[in-house]
Amino acid sequence: MAQMWITMGPQHPMTHGLWTLRVKVDGETVVDTDAELGYIHRGVEKICEARDFTQITPYCDRLCYVSAMTWANSYIYAAEDLLEAEVPERAEYIRLIAAELQRLASHLMWLGAFGPDIGNLTLMTWCMRDREMFLDLLQELGGSRMHYNYPRVGGVKRDIPIGFADRMIAKVKLFERRIDEYEMMLDESTIWLVRLQGVGYANAEEMVAAGVSGPNVRAAGVNYDVRWAHPYSVYDEIDWEPSVEKPTSVKGADCYDRYRVRMEEMRQSCRMVLDAIEKIPGGKNSNYSKGDEMIFKKAPLRAPEGATGFSNYECTRGASQFYIKGGGEGRGKSPYRLSIRSPMFITIPFVAKTMIGYKVADIPAIMGSFDPCIGETDR
Amino acid sequence: MDDAYDLRGLIFSLVEKVIPPILEGTFLEESTGQITFGLATFAVVNIVFLMLFFSQFAILWIERKAVARMNDRRGATTALRSLWVGENGVTAGEWWNMLPFGLGKPVGAVNKWLNKKFGNRDEKYPTVDRVNNRSWMGYSIFPGFFQNVADGMKFLLKEHMVPQRADKLIFEVSPFLIVSSTLLILGLIPLSSGIYATNPELSILYAIAIFGIAPIGVFFAGWSSNNKYTLIGGIRSAAQLTAYEIPLLLTLLSVAVLSGTFNIVESVHFQHSAGSWNLFLMPLGAGLFLITMIAEVERVPFDMPEAEAELVEGWWTEYGGMRFGMLFMAEYIRTYAACFLFTHFFLGGWHLPFQGLIGSIPIIGDLYLLIPGAIVVLIKAWLVFLLVFVWARFSLARIRTDQILEFGWRILLPLAVFQLILSAIYRLYLFDPSAMSDSTFGGTSWDAFGILFLIPAITTAIWLGIFFLMLNDEDKSGNTERMFHVYTDKAAGTYVPGQE
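Chains as they are written, first to last, in this note's numbering: chain A, 1 to 379; chain B, 1 to 500.
Simulated from the structure, these hints should not be mistaken for laboratory data.
Don't take every hint at face value.
[What the hints assert, rightly or not] Simulated coverage check for chain A against chain B, where a stretch passes if three residues somewhere in it have a Cβ under 8 Å from a Cβ of chain B:
(1) 5–15
(2) 109–122
(3) 188–196
(4) 357–365
Yeah, the Cβ is synthetic: ideal placement off N, Cα and C, and Gly gets one too.
Model the full structure from these sequences, guided by the hints.
What follows is the structure, given as structure tokens:
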């Protein structure tokens with residue numbers, strides 16, 4: 001049968017963003033793929049060379065519009081490494097809580113987009129509904145629903161408001177029950193299982209060799225979670241465990257494994273924030289004013305020449321890494337160079353190749369299960 | 001038993017009274033009979049067609065409202081219950097209390113009590129009211145009815161575009177092929193024994209023959225648009241409809257075998273005269289009919305031909321404006337027709353539940369039998385639409401093309417053949433023609449050993465048992481067993497999967 005190329009994108013429901021997947025099909029079977037990225041390249045790295053270290057944070061928020069808090073945190077750890085800033089422990093706890101709430105919101109966004117990919121529209125509205133709870137909480141912290149500009153070099157912008165802890169505990173506990181509700185609808189549906197199981201196998205060795213990280217490799221049984229392997233912040237002080245899926249096939253992880261690992265990760269995030277809010281130094285019901293020593297310590301504004309900062313951070317889609325080089329007096333308050341390693345930039349071309357051999361209808365299932373986000377990919 | 005309201009007879013007698021005196025003495029006097037028949041038929045066909053067509057807005061409205069509850073942004077995960085109970089704080093009862101002159105107070109009180117009893121008010125989490133607030137407040141209930149009309153009007157104002165390299169003639173013709181063949185189905189659906197447009201002898205065969213025309217239009221539309229997505233969608237559609245047409249035909253054949261007729265009205269009469277709805281005699285057939293019908297009308301979970309995740313909008317991607325509107329309408333008419341056919345073949349058409357038992361009570365029974373058959377049919381069809389088509393659409397995912405075809409050919413086809421054999425056995429060995437009765441009570445043809453409803457009850461019980469055995473409810477703890485457990489007492493980073 002004649003083969004033909006189909007161009008899916010840049011505006012296509014499957015892409016979850018702005019990129020192009022060119023697929024060569026033989027009837028319904030995918031025989032070749034080609035991923036084209038770069039539609040929303042904004043030159044963030046270059047912009048950051050002309051901003052001071054506080055001004056860079058909002059740009060890093062905008063790297064990923066689904067998971068702004070984790071990306072800003074990721075940058076802040078690199079900047080603190082560069083500037084050798086001290087961070088109060090309460091600020092670390094607040095950052096952890098904020099990052100895990102963001103992880104919940106981001107995974108809900110993923111599940112909500114994954115449902116319509118498979119054909120289940122209800123899932124999207126349910127996930128959007130529950131994501132609202134966490135966006136409300138993040139709004140209490142950062143004042144905004146999408147791009148928070150919350151962390152600062154040496155602390156956080158402001159303390160958790162009074163009553164935040166109660167509201168958060170109530171919402172997270174409610175959400176823990178909602179996860180069961182999702183699983184009731186999805187895991188007990190044979191259609192959901194036959195669409196996901198045995199589809200989109202990705203081998204652990206190949207993924208590690210390609211540089212894929214995060215939930216996508218943990219789904220294949222690789223216990224690599226940066227929060228666990230190289231604990232930054234206070235991840236080694238609170239009670240949690242990485243969610244690692246047992247591989248059911250020698251071929252690696254299928255879409256169902258990746259779905260399960262994210263559901264489990266949401267549970268772990270709930271566990272983490274519930275534990276962290278109890279262990280937070282200074283008490284969960286106290287509110288320190290802006291700039292108080294409990295939440296913020298002054299850091300130097302200029303980086304010495306030749307100094308470098310690096311952060312390895314577990315974002316919602318994998319390990320995000322920042323590399324910053326200080327420029328000394330010649331660069332003023334700006335860094336000499338800022339470099340971003342995005343997990344999805346590595347994952348998407350890899351995923352495009354895993355689709356080969358599956359059906360056209362599997363393309364959204366496979367792509368969606370890897371949770372693409374184009375903002376951070378093209379940066 | 002016939003419906004109490006014979007609209008067709010009324011109009012025919014009216015026309016027969018009015019027309020002959022007018023024509024008397026004119027040159028048309030010889031053909032008075034034909035003219036009378038023609039005028040009366042014209043009137044009846046138009047009335048019935050308009051009734052069906054406008055009641056179709058109801059299903060769009062039902063879908064809209066039910067779905068709004070099912071995947072409500074604010075909650076209502078227990079969709080059907082929350083329609084009446086309301087949850088957390090503001091209740092549905094308060095909505096009823098807002099009706100003027102206290103008309104809704106009794107319902108409001110019941111709702112309030114229900115809400116107190118079963119509502120989702122959780123004292124432990126008082127702060128999550130904003131997300132948990134489930135109420136009818138702020139929802140438009142009946143005003144939403146005409147939204148569909150507004151949507152239809154909007155399509156009229158849109159530009160009609162034809163792709164530059166499309167096969168223009170076929171591209172223009174195929175929507176009409178689909179829409180016209182779909183409208184023909186409505187022509188033969190009876191609303192009751194007295195309200196129908198046409199009633200050909202072989203109406204079941206006719207309905208199926210017409211259902212089979214639209215796939216050709218779909219394939220033409222997909223091919224002529226000259227777009228890769230529509231091409232794939234059209235081919236998927238052709239494959240799917242061909243695969244599901246055969247089990248559908250076999251299921252209808254088994255209905256025909258059981259009721260001994262190829263006529264829809266007759267088959268409804270048979271269900272009453274013989275004493276049991278077909279649903280209870282052939283639950284397997286009913287299930288097969290619903291599944292194949294969902295596939296025939298291309299709704300979730302069988303909507304691969306228009307899978308919006310990968311094929312944008314499938315075979316109708318290139319249609320815009322009123323062409324799109326008509327295709328959309330045709331799809332809903334097919335769905336609606338499927339609901340009607342299910343009602344007539346399996347749910348006893350315009351016969352009320354327990355018509356014989358309740359109808360025999362002196363005064364209440366008479367009132368019960370006064371309920372118009374058309375309303376009974378409509379309510380049954382709407383319930384089928386709500387409980388099967390809408391519910392399936394919004395709780396299930398989409399099945400892949402190869403899985404759809406495999407399911408059709410390997411599972412549904414053998415089951416349909418099996419149902420055909422079962423129907424023949426029922427008709428030949430369990431059926432008692434002498435016990436057919438046209439009275440209000442209906443017959444007792446399916447009773448065995450002198451026990452009423454024994455055969456339908458046993459059949460239903462057996463199939464329900466098989467269904468529950470096959471449910472195969474998996475142990476939920478399997479989900480946690482799928483995960484490696486890495487406890488925090490171990491040093492970070494020391495865990496290697498597979499060691500435990």
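Here is how each hint holds up against the structure:
Counting residues of the stretch 5–15 of chain A whose beta-carbon sits less than 8 Å from any beta-carbon of chain B gives 5, enough to reach three: the coverage restraint holds. Counting residues of the stretch 109–122 of chain A whose CB lies closer than 8 Å to any CB of chain B gives 8, which reaches the minimum of 3, so the coverage claim holds. Against chain B, the stretch 188–196 of chain A contributes 6 residues with a C-beta closer than 8 Å to a partner C-beta. That satisfies the three-residue criterion, and the hint holds. With 6 residues having a Cβ less than 8 Å from any Cβ of chain B, the stretch 357–365 of chain A passes the three-residue criterion, so the hint holds.
This entry satisfies every hint, going by the numbered hints stated previously.
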